[in-house]
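Number of protein chains: 2
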Amino acid sequence: MATNRTVRLAQRPTGLPSPDTWAIADEAAPVAGPGEVLVQVDYISLDPAMRGWINAGRSYIEPVEVGAVMRAGAVGTVLASHDPAFQAGDAVEGMFGVQRLAAVGPKATGMHMIDLGLAPAPTWLGVLGMPGMTAYFGLLDVGKLSSGETVVVSAASGAVGALVGQIAKLKGAHVIGLAGGPDKCAYVTGTLGFDACIDYKAGDIRKALAAAAPGGIDIYFDNVGGEILEAAMALLRRKARVVLCGAIVGYNDPTKMVAPRNYMNLLVQRARMEGFVVFDYADRFAAAQHDIAGWIKAGQVHPREDIQAGIDRFPEVLNMLYAGTNFGKLVLKL
Amino acid sequence: MATNRTVRLAQRPTGLPSPDTWAIADEAAPVAGPGEVLVQVDYISLDPAMRGWINAGRSYIEPVEVGAVMRAGAVGTVLASHDPAFQAGDAVEGMFGVQRLAAVGPKATGMHMIDLGLAPAPTWLGVLGMPGMTAYFGLLDVGKLSSGETVVVSAASGAVGALVGQIAKLKGAHVIGLAGGPDKCAYVTGTLGFDACIDYKAGDIRKALAAAAPGGIDIYFDNVGGEILEAAMALLRRKARVVLCGAIVGYNDPTKMVAPRNYMNLLVQRARMEGFVVFDYADRFAAAQHDIAGWIKAGQVHPREDIQAGIDRFPEVLNMLYAGTNFGKLVLKL
Numbered sequence: 001m002a003t004n005r006t007v008r009l010a011q012r013p014t015g016l017p018s019p020d021t022w023a024i025a026d027e028a029a030p031v032a033g034p035g036e037v038l039v040q041v042d043y044i045s046l047d048p049a050m051r052g053w054i055n056a057g058r059s060y061i062e063p064v065e066v067g068a069v070m071r072a073g074a075v076g077t078v079l080a081s082h083d084p085a086f087q088a089g090d091a092v093e094g095m096f097g098v099q100r101l102a103a104v105g106p107k108a109t110g111m112h113m114i115d116l117g118l119a120p121a122p123t124w125l126g127v128l129g130m131p132g133m134t135a136y137f138g139l140l141d142v143g144k145l146s147s148g149e150t151v152v153v154s155a156a157s158g159a160v161g162a163l164v165g166q167i168a169k170l171k172g173a174h175v176i177g178l179a180g181g182p183d184k185c186a187y188v189t190g191t192l193g194f195d196a197c198i199d200y201k202a203g204d205i206r207k208a209l210a211a212a213a214p215g216g217i218d219i220y221f222d223n224v225g226g227e228i229l230e231a232a233m234a235l236l237r238r239k240a241r242v243v244l245c246g247a248i249v250g251y252n253d254p255t256k257m258v259a260p261r262n263y264m265n266l267l268v269q270r271a272r273m274e275g276f277v278v279f280d281y282a283d284r285f286a287a288a289q290h291d292i293a294g295w296i297k298a299g300q301v302h303p304r305e306d307i308q309a310g311i312d313r314f315p316e317v318l319n320m321l322y323a324g325t326n327f328g329k330l331v332l333k334l
Numbered sequence: 001m002a003t004n005r006t007v008r009l010a011q012r013p014t015g016l017p018s019p020d021t022w023a024i025a026d027e028a029a030p031v032a033g034p035g036e037v038l039v040q041v042d043y044i045s046l047d048p049a050m051r052g053w054i055n056a057g058r059s060y061i062e063p064v065e066v067g068a069v070m071r072a073g074a075v076g077t078v079l080a081s082h083d084p085a086f087q088a089g090d091a092v093e094g095m096f097g098v099q100r101l102a103a104v105g106p107k108a109t110g111m112h113m114i115d116l117g118l119a120p121a122p123t124w125l126g127v128l129g130m131p132g133m134t135a136y137f138g139l140l141d142v143g144k145l146s147s148g149e150t151v152v153v154s155a156a157s158g159a160v161g162a163l164v165g166q167i168a169k170l171k172g173a174h175v176i177g178l179a180g181g182p183d184k185c186a187y188v189t190g191t192l193g194f195d196a197c198i199d200y201k202a203g204d205i206r207k208a209l210a211a212a213a214p215g216g217i218d219i220y221f222d223n224v225g226g227e228i229l230e231a232a233m234a235l236l237r238r239k240a241r242v243v244l245c246g247a248i249v250g251y252n253d254p255t256k257m258v259a260p261r262n263y264m265n266l267l268v269q270r271a272r273m274e275g276f277v278v279f280d281y282a283d284r285f286a287a288a289q290h291d292i293a294g295w296i297k298a299g300q301v302h303p304r305e306d307i308q309a310g311i312d313r314f315p316e317v318l319n320m321l322y323a324g325t326n327f328g329k330l331v332l333k334l
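Chains as they are written, first to last, in my numbering: chain P, 1 to 334; chain V, 1 to 334.
The set of hints was computed from the structure by calculation and includes no laboratory data.
For clarity, every value in this text was computed on a predicted model and none was experimentally measured.
Careful, some of the hints might be misleading.
BS3-like mimics (lysine-lysine), calculated; alpha carbons at most 27 Å apart, straight line [to be verified]:
| # | chain 1 | residue 1 | chain 2 | residue 2 |
| --- | --- | --- | --- | --- |
| 1 | V | K239 | P | K239 |
| 2 | P | K144 | V | K239 |
| 3 | P | K207 | P | K239 |
| 4 | V | K239 | P | K107 |
| 5 | V | K107 | P | K239 |
| 6 | P | K239 | V | K333 |
| 7 | P | K144 | V | K144 |
| 8 | P | K144 | P | K107 |
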């Protein structure tokens, strides 16, 4: 290939990203320097957190600079390698960015081999990738789930939420999801096996949650923030845990980034609210992937990816996340 | 004594309690029934939490009913006992209420002996009482202080805050207090030995806090909520802890009970916000009192009580807490 198609950040958006946010172009193909590896990028992961990465300013990770290739987790195939740990033909995962070809330092991109015999490539961006790791460590390490507890998870048909609920079920919890619309809810209680699902677009969330969790909530795994967070916090049980994973309502509209006014219920219920960043658990990813692959084989975890195709569709496909129109882990085949 | 002077809840207030909130009267002296003890109440404790106790509705403790004697922690002297564990003349502490005489069941009021040789009676309502226990377990058990960390505490000249800072100092922390006015700040850095004190009535709290804690905050011990909580949350360090002890800004005016809009900084910093209720630690109070009494003897903890006198002044003295005009642990001598 003589050229490399890339998606670069053209300008920082206010609110929802638009086509103007991005610059899509053909460039000269990159060449792997000393110690580097040339990767053909096959699939990229689309994640709600991407909206935060293109803001200026301090967060848990450096912002993507204007003019830079957009950051993305990806799986690909090694084309050429100047690192003895990798060979042409290897299947690999790493932060390769939204581009067809990437000449990368394995360390800088967290590049590692993946076993396509264990699961197909898109699944390595789903339940075996960052969303899977986020669900696993957020629920078990931060949330410290015990059998018999009541777990509530928002964005329950999404990549993280679906796995949170499935792991909670197989660990013996009573699990309630929140999702948008009857189709997603049917999937959550049907295929995923949650005990209940609340359609947050239909009716009073507080009342529905109180009815579904009459004894209160032990763990609320929050992917969305806003009104749902506040509703869940009103129902915390003694020693409850609120796991802060994301706040998708506020990513494009900071005015919706309201804090839960009833946060002092944490005091009344001797409860805690705790945030985490999945990269901190990198040295335990392999063990978690081993567990999750086992659960897939046992039929206890059902991966689902929403695979879209074409690098030029990146701007439009990314925004599906914020409109909630994807169904399953959103992946773009380049 | 043929009569008992009592302060009862006449009606639930909206906002700040007023004289109409209370009914003060002489009643027939109570008689200790089987298993009960008759106590002369010598000092009562005035606590910010009292405002919550007179609201209707669920909290960490049952509300005081309209018509009931106002709940209060107190120290007193046993006058007569039908419980073999107590004898006339014993010095005792318990939830005896705002009244001159109390005929009480020892269990229902958490009644226990106190050693006036260790500290005078008012101190048993201060650093050896609920405020002391709150500071001790909140900082050490919930906050999990380590030597060398930076601790920020609001209401630093108050009963809880003063002890939080003094314990943090003797455990090797860098300690910053917030207090209202130059006199209180001078006391906080002078007598109490904090490293710095910010007068929250003078100037920009965020800027002052950022200047005092340039490396960020490991523990924020929150007694007040509102703007100061938000300012502290903006400066959390990695793995920081926000200990929720109270939210005095909202007790009388729920519109000030705003939640920290920047709560997602808990995620960025992998931090937690956790509430607690001191009564949960009752089985360890004696050990904590032993520690604190030792620190008083060693000159590392300086108790300070603001002792007011006269049961009829209860309505006015209680409101000193919300105006911030007390200086030290507020106690009423009956």
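Hints versus structure:
1. V:K239 / P:K239: Answer holds: K239 of chain V to K239 of chain P is near 20 Å, not above 27 Å.
2. P:K144 / V:K239: Holds. K144 of chain P to K239 of chain V sits at ~17 Å (cutoff 27 Å).
3. P:K207 / P:K239: holds, 22 Å
4. V:K239 / P:K107: OK: K239 of chain V and K107 of chain P at ~25 Å, within 27 Å.
5. V:K107 / P:K239: holds, 25 Å
6. P:K239 / V:K333: violated, 37 Å
7. P:K144 / V:K144: At roughly 18 Å apart (the allowed maximum being 27 Å), K144 of chain V and K144 of chain P satisfy the hint.
8. P:K144 / P:K107: violated, 31 Å
When each numbered hint is compared with the structure, violations occur for hints 6, 8.
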